[in-house]
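Once you've looked at the hints, go ahead and assemble the two chains, each given alone in its own frame, into the complex.
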Amino acid sequence: MCGIVGYAGGRDAQPILIDCLRRLEYRGYDSSGIAVVGDGLHVHKSKGEISALEETMPTMHGHVGIAHTRWATQGKPTTENAHPFADCSSKLAVVHNGIISNFMDLKDALVAEGHVFSSETDTEVFAHLVESELKGDLMEAVRAALKRIEGTYAFAVVSADGAEVVAARDESPLVIGIGDGENFLASDVTALLKYTDRMVYMMDGEVVRLTKDSVTILDREGKKVERQPQKISWNLEDAEKGGYPHFMLKEIFEQPNAIHESLLGRVETLDPEPFFQTGAFTSVKIVACGTSYHAGLAGKYIIEELAKVPTTVQISSEYRYSSVSRENPLIVLVTQSGETLDTIAAAREARKRGHKTVAIANVMGSAITREVDHVIYTRAGPEIGVAATKTFTTQIVAMYLLAMDLATQSRVMGAQARRSMVGQLRNLPRAVQDVLNKADVVEALAKKYSGVKDMYFIGRNINYPMALEGALKTKEISYIHGEGFPAGELKHGPLALISKESPVVAIAIKDHTYEKMLGNISEVTARGSPVIAIGYEGDTELGKYADEVLTVREVPPIFSPVPVIVTLQLWSYYLARERGCPVDKPRNIAKTVTVE
Amino acid sequence: MKAVILAAGEGMRLRPLTASEPKVMIPVANRPILEHVVDALVKNDVRDIVMVVGYHKERIMSHFEDGRKFGARIEYVVQEKQLGNAHALATAKERVSGEFLVLPGDNIVDRRAVSDLIQSGACPGALVVESENPSKYGVVTIEQGTIRNVVEKPVDMVSNIILTGLYCLNEGIFKSIDKCVALGEYGLSNAVQTSLEQEPVKPIFSDGLWIDAVYPWDLLELNAAAMESMPVRTGGKVEQQVVLSGPVSIGEETVLRAGTTIYGPVVIGAGCEIGPNVTILPSTSIGNSVTIEPYTTVKNSMLMSNCSIGAHSYVSHCVFGYGVKSQSHLMAGGAEAYVNIGDEFFKVPHIGSIVGEDTNFGTGVVVEPGTVVGAGCKVSSGAKVTRNLPNKTLVT
Chain A
1 MCGIVGYAGG RDAQPILIDC LRRLEYRGYD SSGIAVVGDG LHVHKSKGEI
51 SALEETMPTM HGHVGIAHTR WATQGKPTTE NAHPFADCSS KLAVVHNGII
101 SNFMDLKDAL VAEGHVFSSE TDTEVFAHLV ESELKGDLME AVRAALKRIE
151 GTYAFAVVSA DGAEVVAARD ESPLVIGIGD GENFLASDVT ALLKYTDRMV
201 YMMDGEVVRL TKDSVTILDR EGKKVERQPQ KISWNLEDAE KGGYPHFMLK
251 EIFEQPNAIH ESLLGRVETL DPEPFFQTGA FTSVKIVACG TSYHAGLAGK
301 YIIEELAKVP TTVQISSEYR YSSVSRENPL IVLVTQSGET LDTIAAAREA
351 RKRGHKTVAI ANVMGSAITR EVDHVIYTRA GPEIGVAATK TFTTQIVAMY
401 LLAMDLATQS RVMGAQARRS MVGQLRNLPR AVQDVLNKAD VVEALAKKYS
451 GVKDMYFIGR NINYPMALEG ALKTKEISYI HGEGFPAGEL KHGPLALISK
501 ESPVVAIAIK DHTYEKMLGN ISEVTARGSP VIAIGYEGDT ELGKYADEVL
551 TVREVPPIFS PVPVIVTLQL WSYYLARERG CPVDKPRNIA KTVTVE
Chain D
1 MKAVILAAGE GMRLRPLTAS EPKVMIPVAN RPILEHVVDA LVKNDVRDIV
51 MVVGYHKERI MSHFEDGRKF GARIEYVVQE KQLGNAHALA TAKERVSGEF
101 LVLPGDNIVD RRAVSDLIQS GACPGALVVE SENPSKYGVV TIEQGTIRNV
151 VEKPVDMVSN IILTGLYCLN EGIFKSIDKC VALGEYGLSN AVQTSLEQEP
201 VKPIFSDGLW IDAVYPWDLL ELNAAAMESM PVRTGGKVEQ QVVLSGPVSI
251 GEETVLRAGT TIYGPVVIGA GCEIGPNVTI LPSTSIGNSV TIEPYTTVKN
301 SMLMSNCSIG AHSYVSHCVF GYGVKSQSHL MAGGAEAYVN IGDEFFKVPH
351 IGSIVGEDTN FGTGVVVEPG TVVGAGCKVS SGAKVTRNLP NKTLVT
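Read top to bottom, the protein sequences are chains A and D. Position 547 (the first sequence) corresponds to 547 in our numbering; numbering is contiguous. Position 182 (the second sequence) corresponds to 182 in our numbering; numbering is contiguous.
Here chain D stands alone, though its shape is the one from the complex (with noise of 0.2 Å):
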């Protein structure tokens, strides 16, 4: 069976994470959110993949090529403009026949949900989840084992149940997203609830694991869920006193130097150099070339690729994207904080700050827990950040 993943689009609420790369291929556990989709696919058998690829394709394409380094097969259809899943299906109608997956690129999924979905043979049908917060997903009803009816985000409470994105779905589809395309309507949980007139869709109950990321500090808890099953594999080089405990996994060619602790689940890139006397907390990532100086402890955060941060710092429930630069005594903790994207305000019970990739900070720099600071910004000694700022913006 063919697996289509939809792949196209910016994530826009990930902002400015965001800036030069999809969603998709924002690093989880140091692997992009795809590779992890990919990944649980294989895992399944299911080899012979169709990615709708549109924003940054190439960043993409150049990672995963022709699919053959992931156990793979990948073709690519590009969606030119993103104007919805549902439309980005129809970009892989020719490639297609007969039944196929359907998956969302930007959900962790595990090998467990794929298989659900695959095993229980129904088609079409629909993977879904209990939800604690239905409001923001598409929430499905059902009666008598089919869906009934799908509301998008619902204002009233319809049913705790909601659709994960991932469906066993047959060439009928296409009809439906032609009729919804016509009406103007773009996502694919429409063409789903017009299908249903056709023909009845199963809703699939999984125990595996599904998580979203919508908002950026959901990024921290798919950190810390990927990195639950990582494999620990140790290389570079670990000087004496260095103290690892738990599942701690070291690229080549990088240097731990004395008297770094670290407590797993971390893992750390290839070609850092850390320490001496760093500390690293559980569930944290650190990218590739990543430099960390004394004295500095780094707590339940994502470190992208060549992001250094300075002595005598402290960076706790922090993404910071990739090439973002710090001099000494960086403060940038972790509390509750309200949290603006876009014009909503979102309390979050524990997040640090969100930094844009390539920003610069100076000596002693402050940043207030919540704030989201854009990409390529450059925030002078001492200065103090308490609000959002965007992209390219000079603090003096």
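Next comes chain A alone, as it looks inside the complex (with noise of 0.2 Å):
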């Protein structure tokens, strides 16, 4: 998914053209540019987030112009893989949002008759595709390239020789804003409501010339089309967010399918490919910072559980500056954007300490990606709510899937023990659902909590990690002073903290550590301290010893922690909101840490 908007008009395109191009952000941004027509054609591309293209960019004077936003899904997010795309005489800009599918037939043709490719992209192919078709008439030249290409397309061009820009889609979208004395394009209404609330919505196979004060749009034979503006009265806000009142919660429900989407293709039963070939490695190291470590952390018990293989898990910014040991690990390292900066500092030392190194990042291409030896993407799409949630269950995903790999290839997992693994995986966006589906249980105990100063969070085992990271989630937008602790630790100190006032999360499922919950919630609730437990459906003992109790459906212990945490993100939103919290912006924290 990429993001596309264009301009021409009567002011100044450059600043417009920013602006609206932040409001498609969320279709992705990991490289973007921007083409103005002025005196000739300027063109800036920047890798990053669009803040970085605002940095980087000169003032460009011209009132025409396109600009891009990318969500990489084949090529890395380079700036020489940002569009726009010029052709060989750099007369001629193209933005792109989609596939095209016959390019490398359409290259190998361009390329014979003389021209000169500087990226590996489908986009810049169409870029010389009309230059070659170009006879005067920009529109013309769009229309008889757009009769070679094959695959799905949203459009924009401008040329150096014209204030005009011409735009066609086909499958990907595109919608034009009418205002006074100017014109828009954007992939999204919500891109442009700040400027025009009149839009015209393309349809598949149409073209059309947007110039300060006319819009033409041409269909498929080339009939003009004539199409009445239409009034869009919605909410800038509430367009993106989909009808949720946050990106978080959207974001929470969305999980069913971010974890299909990223065990597809990988849970084939009977003749598994692996990653990558391991080779000889004695024991495994995870690497990540904030709610990444806590993935690393569920990790271990994983991969130890699953590969037999000693796992340890360190915070990257320690283990940058720890001393070599004699092991040879396999590093892991996550990170969901894979630009921060201690982990990719990190990745660079584990190298230099001769280690294989493995990624678990989320964005396709990022920084991390070119430091390491293999990548396993999570897929789990943009995340905008600061609070990571679906890219924090992809990245236990992932964890499944290497723990599987590892255990395979060393020959501890057979054949038939992957089957049975593979189907409980399949199962887990089921259970997923069944937490979604009795959000308003949770949503009524978190009101009846939203109170309180402090919260303890207790969990053993696999769910040790998953209490870490309901404290982080708490604390971090609800901002009630929130602790994560290994239930037995408990009686080593923290549990002087407890008071009537401070409630407990205890985690309690049925695994082998559920009598020692028991004990443990029983230690809480003896000093008057409200338990809230989470444990499985059907456990009619739990509710004998904790004041509440949240149930998820019964998986093998080892795959608890998913629906377990899908609980706890709940239960921290849900808390946040009642207490009036920016919940997709909390205070003093950003989305992706690029700064040591």
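Everything labelled a hint here was simulated from the structure, so no lab data went into it. For each residue, glycine too, the CB sits at the ideal point set by N, CA and C. Do not take every clue at face value.
As the list claims (entries may be wrong) - Part of the chain A face toward chain D, derived, beta carbon under 10 Å:
hint, residue
1, M203
2, Q230
3, F253
4, E268
5, K516
If you want it as structure tokens, here you go:
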């Protein structure tokens, strides 16, 4: 998914294009670019978020232009691969959203004709195609070029010679905004609502020419299309959130699908393809920061249980400065954005030490992917809420996949065990959906406890990291002081903090630590502190110990962190909402930490 | 023109398939029923849509979001208590003005039916069809080109022309709704009947597609109809000696193993693993991440996402909800049967079983035709299911 904007009018195009582009950032944010027509054609591109483009670009004068923000699905998010693309003579600039499926054939033909390419992308082909078809009229050239391509697209093209934007769509969204003495173009109405509320929707196969005061639409056959603008009457924020009050809640609800995506093509039962040949290693070390560190802690339990390899977990900024040991571990680096500076530095350090490195990342082609030997993508899609939700659960899914891979290659796990694991993994989206179906129960309970100042989270074994993550979520978005402990550590100190005013959330699923957890819950209730327990459905025992019980569907204990954390995400979300906190943008926290 | 889609109800008669999602989200040809409705509107360039949601509204909202993926702009209003469709429409009162379309979200309509409604230019107007079984619906009598009277679910034969639930209405309807609600009547056909006193309502006939899914077996008919017009896309990995005949749509990363034979129309979602030597016959839809093991035959059925069917099974004329799992040798055949829904019995010409989400079958289970198995049941190996099972039943 990418975002396109275009402008033709009387004002300076540059600030308007950037402002509109910002509102499309949800469509992707790994590189961006702008082209403005003034005295000649000016193009500027940058890797990274749109703010990076803003910081690096010179002032461009001109009243016509296009811009693009990219979410790479193929090809790295580098400055070279950012849009717009120019033709050989640098007279044309093209932005594109979609895929040209026959681009290899076209490219070969164009190269034979003498065209010179500067990138590996399919989009550049279109720039050269238009160039070769251009005989004066840009719109006709675009129409001729479109006849030669196969695929899905939304294109916008500007030329150094004209004060016009020509655009086309087929199966990728594009909308025209009608202003006074100016006209706009965008992938989505939300980008334009600040400037106009009159929109014309383009249909598949149509081409449009925008100038300062005209909009000409032609259909596939070249017939002129008359279409009245529609007035849009909705609020910008709502549109982007799809009816949910916050991005975080929307993203929590996207998790069954995100897990499905991250499993896609990776869970064949009969002839699995490994992510990579692991080679020889005697241990695994997982390196990460923040929420990713918690996914790493869960990964330790998963890898140790499935692959029987000793695994340690370290914070990135600590690993960097740790001393070299005699071990030769496989280093697993976990980062959602792939841009977390401490983790990138840790990857470099690991390679310097001669270790094999694997990154678990969400953003295609991000910085970390160039620093490691292998990458496992989590495929959670863009996440806007600062609090990580779907990117965390898919990191845990990646841990199952990696552990299964390690276990299969080292022959710790046989084909039959793998088949049964895969069956369980395929069930995970259902277990998460079940939690979401019961969100109202969590909501009601969160309301009851939203007034507290402190909250403690306890768990054992694989759910100890979930206690930490639950506490992190709670503190970062609801500003309640939250702390997580391994339940067995309670009596070694934290019990001193516990009082009637500080509820304890206890994860007590039926695994080999269950009896111990019941004991810990009793320790807490004995001190008068209310206990909210998370257990398996059908557990009749738990209610006798805890004040409140939230249930998740019974899954094998190794998979329990997934439904448990979704419950805790809902818990922290509803706490924050009840307290009126800015859920999606908590104070002092940035989504991606690119500083040391 | 704006359109209001009424999508707040549960669809109780489709239980247990509505255990975690409303009727409108049940997938037909692998797309929710509601998506077919939105699609029919968008194809007619009706893009401003108000959706009245209620029961499991998140399911709808997370699927459609603001509608941009579907070429529409969707606003939501919440009907907190599902009292009736007139009450549902009234919750959208503030979001519409002038003339607007009203559509039920749980009927399959095609582009043609919507276009007939719009092109007629009659407002207020009601889309009507002839029905072989009018007594289930609101029946109208027509005089001099306008609707004279509406009779809800008549016992005696009044006429064979029924209301489809698709209307073109204006703000006047809200007054009629208020009047009806005051009398404790929450149905939209009541409100239309009341409005006849103020303003005539034109009947609009259409040759377009309109199918209502009231009972689970209707879903199979809907499924087959929707698959007739589906675009065929073939992704995934097809091993050698796989036979694909007729329209067969296969999602990405799906694996079809050797010797598997599929006669379309059949639609298969993403990430499935099917075969070796599985036979799939028309008109079958299979969701995402479904596993079907060797020597199994599936015929005219709906298997929703995350189902898994063991080897040597036979599944015919069945609807399996999300995540239904079966070990080998499941026998779920179809035949003429009496089906018990609520406190009524229906004679259905050809029906298999209806199974709610996340139900598990052991090895060698036999499910008799016409049985409705609830959600989350566990049926042990060798058991024979001969009557309906409530949700979460354990059969040993």
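Status of the hints after comparison with the structure:
1. M203: 8 Å, holds
2. Q230: OK, holds: A/Q230 within 10 Å of chain D, min 7 Å.
3. F253: 4 Å, holds
4. E268: Holds. Min distance 6 Å.
5. K516: 29 Å, violated
Violation of the numbered hints given earlier is confined to hint 5; every other hint is satisfied by the structure.
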